[in-house]
Each structure stands twice: as structure tokens, then as C-alpha cells.
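Undergrad: Sequence:
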Amino acid sequence: MYVGRFVVVSPEVAAYRVSSRSFPNRHVYERDGALVVGPTEDAPETDNPYIAYNCVRTTDDTAVVGNGSHVDPITEKLALGYPARDALVTALHALDFEKDDYDTPRVAGTVSPEGAYIATVRRDALHVQAVTEPTLVATYERDTPAGYDLDATDPAGAARELYDADFEHAVCAAAVAPVDDGFETAYVNE
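In the numbering used here, the protein residues as written are 261 to 450.
Just so you know, these hints were derived from the structure itself, not from any lab.
Errors might be hidden in some of the hints.
[What the hints assert, rightly or not] Estimated spans, in silico, between C-beta atoms of each pair:
| # | residue 1 | residue 2 | range |
| --- | --- | --- | --- |
| 1 | 292 | 416 | 16 to 26 Å |
| 2 | 306 | 441 | 13 to 23 Å |
| 3 | 290 | 413 | 19 to 29 Å |
| 4 | 346 | 426 | 29 to 39 Å |
| 5 | 341 | 262 | 21 to 31 Å |
Remember, it's a predicted structure, so these values are computed and weren't measured experimentally.
All residues carry an ideal CB built from backbone N, CA and C; glycine is no exception.
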């Protein structure tokens, strides 16, 4: 099954996977404290604004994961003191779904020692909910948050588990989790 890009959020860890039929030549790398999805050196030239973006960013107490440019305004709202739910609602409402040929939903999540949220904005809905168990939302087929069987509770395990998940066209994955002195991140490129 092809579900496109997706996030899985649990109270312990948040993770994101790029799945792509159209732009598979991408990878995750670290830049200025963020994890970034971008084209590999052998990727064909494109002017598509949706293939390069920060996919994991953190503030002092909350981490954000997502499938596009909305990760930045969510993080900025959190840094201003917005509660996670409000930061997700505000940014996703303002940016709306992606204006591409597929009206691709934006998906995002937050995790902190105080709790976790998952969110999506589609053509027909904006959905934000607190999570108490691992929850997945994807851009296609599974575009409403629902429980997901995630075993990993650490970033390295979560990134690997999402990359290896039984959904088509895996490209790369990233994850983040709160630790005693901040956040730990990990990513998988293959």
C-alpha cells in the first residue's frame, strides 16, 4: 500500500518517513540543529517547492516532525510560548494543504515531556489530537490519525522501524525523542 509521507507520534518519540514515487532521490541530513529532507547529489533538477524542508526541529522543550515547510512556523509558535495544540492548529490552518496536483495533506506531530500531539490538514479537514499511544497519519490512504503498532521508544529504533514499515516506496526516515538534557535525533537513509 502506498500511503505517501507519514508521521507516527507516541508519548516517547515522534518519527517521520518520506515515501515517494515522484521524487525518490532525497535523503535526511542535519543542518543547524534541524533534520532536513533534501535532494541527493544525483537528484534531477526541479523547481518543486515540496521536496526540500526541515522535517524535525526542536525548541527548549518540544520537538516537531512533519512533511513540509509547516514544521518551521509550528516550531516558531512553540518558541513564542504557544501550547503545542495551538501551534499546530495555527500553522496548519494558515498554510492549509499543499497546493500540488494531489492536494497533498500536511501532517505533523509534537512530542515533549508534557505530552504529544498529531495533526493533519487536508482539503476537507483540520484534525489535531493528543496522543497517549502510537498514532499514525499519512498523506494518502491513512489520512486520519489512527493507532499504529510502533515498538520503538528511541529515535534510532523509531527511524529504522518507520523506514522498514510495510508501506511502498520508502526513501528516508527521521525521529526525535526527549532526553534528560534536550532531544535526541536519528535518521535512516538507504
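Undergrad: Is 21 to 31 Å a correct range for the gap between the Cβ atoms of residue 341 and residue 262?
TA: Because 39 Å falls outside the window, the suggested range is violated.
Undergrad: Per the hint of 19 to 29 Å, is the separation of the Cβ atoms of residue 290 and residue 413 within bounds?
TA: With a Cβ separation near 22 Å, residue 290 and residue 413 satisfy 19 to 29 Å, so the hint holds.
Undergrad: Okay, residue 292 versus residue 416 on CB: inside 16 to 26 Å?
TA: holds, 21 Å
Undergrad: For the pair residue 306 and residue 441, does the Cβ-Cβ distance stay inside 13 to 23 Å?
TA: violated, 39 Å
Undergrad: When you take the CB atoms of residue 346 and residue 426, is the distance between them in 29 to 39 Å?
TA: The hint (29 to 39 Å, Cβ to Cβ) holds, given that residue 346 and residue 426 are roughly 35 Å apart.
The structure does not agree with the numbered hints 2 and 5 stated previously, though it agrees with the rest.
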